[in-house]
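Q: Here are the chains, one letter per residue:
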Amino acid sequence: KNEVEQSPQNLTAQEGEFITINCSYSVGISALHWLQQHPGGGIVSLFMLSSGKKKHGRLIATINIQEKHSSLHITASHPRDSAVYICAVKRGGSQGNLIFGKGTKLSVKP
Amino acid sequence: ETGVTQTPRHLVMGMTNKKSLKCEQHLGHNAMYWYKQSAKKPLELMFVYSLEERVENNSVPSRFSPECPNSSHLFLHLHTLQPEDSALYLCASSQVAGWATNTGELFFGEGSRLTVL
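Read top to bottom, the protein sequences are chains A and B. Residues 1217 to 1326 (the numbering used here) make up the first sequence, in order. Residues 95 to 211 (the numbering used here) make up the second sequence, in order.
These are computed hints drawn from the structure, not numbers from a lab. Any given hint might turn out to be false.
[Unchecked claim] With a straight-line cut-off of 20 Å between C-alpha atoms, the simulated EDC-like cross-links for lysine to aspartate or glutamate are:
| no. | chain 1 | residue 1 | chain 2 | residue 2 |
| --- | --- | --- | --- | --- |
| 1 | A | Lys1318 | B | Glu146 |
| 2 | B | Lys135 | A | Glu1233 |
| 3 | B | Lys134 | B | Glu95 |
| 4 | A | Lys1318 | B | Glu204 |
| 5 | A | Lys1321 | B | Asp179 |
| 6 | A | Lys1321 | B | Glu178 |
| 7 | A | Lys1318 | B | Glu199 |
| 8 | A | Lys1271 | B | Glu204 |
| 9 | B | Lys134 | A | Glu1219 |
| 10 | A | Lys1270 | B | Glu178 |
| 11 | B | Lys130 | A | Glu1231 |
| 12 | B | Lys113 | B | Asp179 |
| 13 | B | Lys135 | A | Glu1283 |
| 14 | A | Lys1269 | B | Glu199 |
| 15 | B | Lys134 | A | Glu1221 |
| 16 | A | Lys1318 | B | Asp179 |
| 17 | B | Lys113 | B | Glu204 |
| 18 | B | Lys130 | A | Glu1219 |
| 19 | A | Lys1318 | B | Glu178 |
| 20 | A | Lys1318 | A | Glu1221 |
| 21 | B | Lys112 | B | Glu178 |
Small disclaimer: the values here were computed from a predicted structure and weren't measured.
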């Protein structure tokens, strides 16, 4: 079992729908990242959070440290949101590189 | 544009070839990373350089050889690769604190898509 699990693996939505992608992890962490990977391969960091909630435009990320769970929400989804969304966690401790989930492939239809 | 540039974007090589992947970052970061992304698998960390010193080598076969000549440049030298090495190779950079704690987010390049015939 991976230390970072994402659900769903694949998600198809209609333009305008509210989208939720989930991430659960099994290790102690100091931070959690949400990343976006477009079909060309490049990866962009969306959020880094260690508690609570962050918002950037139509994107909202939340984390519950006690439950070891994070969600990424997209409001008013658009075809340009189509991408793979990757959750990654940084283990607690002095040196901890990221542990990645397998990603959620989102396709938003017009 | 993330400030991290990788070349080439696509590379096809035979099993006996020697080639190199190049990564350059213009962000003033002091840590650079090589990741491997295979189909349907999570990103795998290969190498980490912090302050130009290799601090992590995740059991990567010796046919992959990294080089970090300065804090802005990172290379991955490839020789006698196998078909299963075909993957997307991603470079990233970040700012690392004095005792090698990654305090910030990662900035990724666009990746180099490698096909080994």
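Q: If you test the structure against every hint from before, which numbers come out violated?
A: 1, 2, 3, 5, 6, 8, 10, 11, 13
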